[in-house]
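Engineer: Chains as they are written, first to last, in our numbering: chain W, 1 to 113; chain B, 1 to 110.
Please note that the accuracy of each hint is not assured.
[To be verified] Partial pick of chain W residues on the chain B-facing surface, computed with a CB cut under 8 Å:
id : residue
1  : GLN41
2  : TYR48
3  : TYR98
4  : GLN102
5  : PHE104
[As the list claims (entries may be wrong)] The following residues of chain W were derived to be distant from chain B, with all beta-carbon distances above 10 Å:
id : residue
6  : PHE12
7  : ASP54
8  : ALA61
9  : GLY63
10 : SER65
11 : GLU69
12 : THR79
13 : ALA81
14 : ASN84
Everything labelled a hint here was simulated from the structure, so no lab data went into it. Even glycine gets a Cβ: it sits at the ideal position worked out from N, Cα and C.
Listed below are the residues making up each chain.
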Amino acid sequence: DGGITQSPKYLFRKEGQNVTLSCEQNLNHDAMYWYRQDPGQGLRLIYYSQIVNDFQKGDIAEGYSVSREKKESFPLTVTSAQKNPTAFYLCASSSEDYTDTQYFGPGTRLTVL
Amino acid sequence: GQNIDQPTEMTATEGAIVQINCTYQTSGFNGLFWYQQHAGEAPTFLSYNVLDGLEEKGRFSSFLSRSKGYSYLLLKELQMKDSASYLCAVPHSGNTPLVFGKGTRLSVIA
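Only chain W is shown next, with the shape it has when bound in the complex (with noise of 0.2 Å):
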């Protein structure tokens, strides 16, 4: 089955505390995007990439880092410099570039405490 998959699907840190998130995909896609929903809120895109080893911040970068050392792997790290950490992080992937369809995972929901 080709899909993306993201665990945990719910997660609880304490606050100060980094924590990584995690996003693969078989769908062979070059793109990987990560987004935060607040409720009653839009996607958000935090970071972007296309290839292995390169990516780009999107609007809202600050507090977080990622890293693409692998095609279909894309983790996303929350550090505590993030003011808001809790919400829910989706991540998704698209077949060549950024105007392709992008299709989701399932979500992780973050909570600070």
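Go by the hints and put chain B onto chain W.
Structural biologist: Frame of chain W; chain B shown alone:
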């Protein structure tokens, strides 16, 4: 840049037809996407329009007018399971990712 506007909420009756509008402003147009998102779940792709006109796909249709910066999603024979948020999205100009509207929360009532 992009500015995308959608109504925040709509309510419609089971079996009816509903039209969800989206207006956008963009410096370069590369197509418009519609996604459906049930509460607590990930968005799923519904449709993509790059040319003017109506694209029909079963109970769902999507319309685009590039000259007016306007699109709508038409849902026919509404079912309770259609209660969800509907997100409109357009790519940035050039080779940059999608920008999403805040979504329209549709409630289907009996």
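Engineer: Checking a non-interface call: every C-beta of chain B should be farther than 10 Å from the C-beta of ASN84 (chain W). Is that right?
Structural biologist: The assertion about ASN84 (chain W) holds, with a minimum of 18 Å to chain B.
Engineer: Just checking, THR79 (chain W) versus chain B, shortest CB gap more than 10 Å?
Structural biologist: At about 22 Å from chain B, THR79 (chain W) clears the 10 Å cut-off, so the statement holds.
Engineer: Hint validation: GLN102 (chain W) versus chain B, beta carbon distance must be below 8 Å. Holds or violated?
Structural biologist: Holds - the Cβ of GLN102 (chain W) comes within 8 Å of chain B, reaching about 6 Å at its closest.
Engineer: At a threshold of 8 Å, is the proposed contact between GLN41 (chain W) and chain B supported by beta-carbon distances?
Structural biologist: Cβ of GLN41 (chain W) sits 6 Å from chain B, so the hint holds.
Engineer: Hint validation: TYR48 (chain W) versus chain B, beta carbon distance must be below 8 Å. Holds or violated?
Structural biologist: At about 5 Å, which falls below the 8 Å cut-off, the nearest Cβ of chain B leaves the hint on TYR48 (chain W) intact, so it holds.
Engineer: Let's test the interface hint: is any C-beta of chain B closer than 8 Å to that of TYR98 (chain W)?
Structural biologist: The hint holds - TYR98 (chain W) has a Cβ within 8 Å of chain B, the shortest such distance being about 4 Å.
Engineer: A cut-off of 10 Å on Cβ-Cβ distance, and GLU69 (chain W) was said to be off the interface with chain B. Does that hold?
Structural biologist: Since the minimum Cβ distance to chain B is about 21 Å, GLU69 (chain W) lies beyond 10 Å and the statement holds.
Engineer: Does ALA81 (chain W) sit more than 10 Å from chain B, CB to CB?
Structural biologist: holds (23 Å)
Engineer: Could you let me know if the closest chain B CB is still more than 10 Å away from the CB of GLY63 (chain W)?
Structural biologist: holds (19 Å)
Engineer: Since ASP54 (chain W) was said not to touch the interface, does its Cβ keep a gap of more than 10 Å from each Cβ of chain B?
Structural biologist: Check passes; 13 Å lies beyond 10 Å.
Engineer: Can we confirm that no CB of chain B comes within 10 Å of the CB of SER65 (chain W)?
Structural biologist: holds (18 Å)
Engineer: Is the Cβ of ALA61 (chain W) farther than 10 Å from every Cβ of chain B?
Structural biologist: holds (13 Å)
Consistency note: the structure conflicts with none of the earlier hints.
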